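S.K.: Sequence:
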Amino acid sequence: MAKLSSLFKFEGTVDDYTVVKNSKGTFLRRKGGLSKERIATDPKLKRIRENNMEFGTLAAASKLIRTTFSKLKQSIRVQYLTSRLTSIITGIKNQDVTSARGLRKVAIGIVSDEGKKLLKGFNFNESKVLSSVLQNTYTLDSATGAITIPGLIPGLDILGGVGANRVGLQSYWAKIDFENGESVMSESNLVKLALDGTATDVTLSHAAPPAGDGVDVFVLSVIFYQTMNGNDYVLLNGAHNVADIIEVV
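Note that our numbering has the sequence shown beginning at 158, numbered continuously upward.
Accuracy of the hints is not assured; some may be wrong.
Listed next, the in silico DSSO-like pairs over lysine-lysine satisfying Cα-Cα at most 27 angstroms (straight line) [stated by the list, open to error]:
1. Lys273 to Lys332
2. Lys274 to Lys332
3. Lys262 to Lys273
4. Lys230 to Lys273
5. Lys332 to Lys228
6. Lys274 to Lys220
7. Lys230 to Lys220
8. Lys178 to Lys220
9. Lys349 to Lys277
10. Lys349 to Lys262
11. Lys178 to Lys262
12. Lys262 to Lys220
13. Lys349 to Lys274
14. Lys230 to Lys277
15. Lys178 to Lys230
16. Lys178 to Lys332
17. Lys262 to Lys274
18. Lys228 to Lys274
19. Lys273 to Lys220
20. Lys332 to Lys220
21. Lys273 to Lys228
22. Lys277 to Lys332
23. Lys349 to Lys332
24. Lys349 to Lys273
25. Lys262 to Lys277
What follows is a list of derived Cβ distance ranges for each label pair [said to hold, decoys possible]:
26. Ser288 to Ser362: 20 to 26 angstroms
27. Gly312 to Leu393: 20 to 26 angstroms
28. Leu393 to Ala303: 21 to 27 angstroms
29. Tyr237 to Thr305: 19 to 25 angstroms
30. Val406 to Thr239: 37 to 43 angstroms
31. Thr294 to Asp270: 51 to 57 angstroms
32. Asp314 to Val406: 24 to 30 angstroms
33. Thr175 to Gly369: 19 to 25 angstroms
34. Val286 to Thr239: 42 to 48 angstroms
35. Leu260 to Asp314: 32 to 38 angstroms
36. Asp314 to Lys274: 48 to 54 angstroms
37. Asn394 to Leu185: 29 to 35 angstroms
Don't read these hints as lab results, they were simulated from the structure.
These numbers were taken from a predicted model, which means no experiment stands behind them.
The beta carbon of each residue, even a glycine, is placed where N, CA and C say it ideally should be.
Turn these sequences into a full structure, and let the hints guide you.
M.R.: Here's what the structure looks like:
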């Protein structure tokens, strides 16, 4: 797809050309492609039909994760989340080595060690990862969902959050059933601390594990706040806030 660089500009569709604009620039896309009838019947396009059959599975799995952790959008900038998740989900689907092409499933691929490894470490904020913000070590008990961060000194161990004077830490524990398209999520307690030199042993815990079948997905988030008149407000642009998938079991 060509990128517009001249002074000639137009919007919408002209003849077979359509202007497409996004954050990376303005592009010119030409109309065309294979007809639905040919894709459905041409023996040479069997691979395309197989890929199309699996695409629905990928889209559903990506949407399931986005829906499960939709609350994160309130405080974190999540640009290109769909495309980034779909890329990961495609790799997980490819770990299904038992099903025929066109029938491979995310639900089968995710139970493999490699499938879990692909999802672990996913950062909801495209431009920032958890390790670039939280400099202290943490421990996850996957049986209870508890996360402990010993001796956390926010003023030293947490980077970023320009303009913030407080920071909040919270974890999310989800049971995601890719086979049936269902999920249940539990939120831990929210621990807010001043961005100063005070050391605190942080514990994020869950009252009970989420019910249901599927894999366990654990997320740890760090959110920056500004305090005004006794109230804490999340930094508006969300660029400094992070949430990563820290474990998949």
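S.K.: Could you work out which earlier hints the structure fails to respect and list their numbers in ascending sequence?
M.R.: When the structure is compared with the hints, numbers 10, 11, 13, 16, 24, 28, 29, 30, 31, 33, 34, 35, 36 turn out to be violated.
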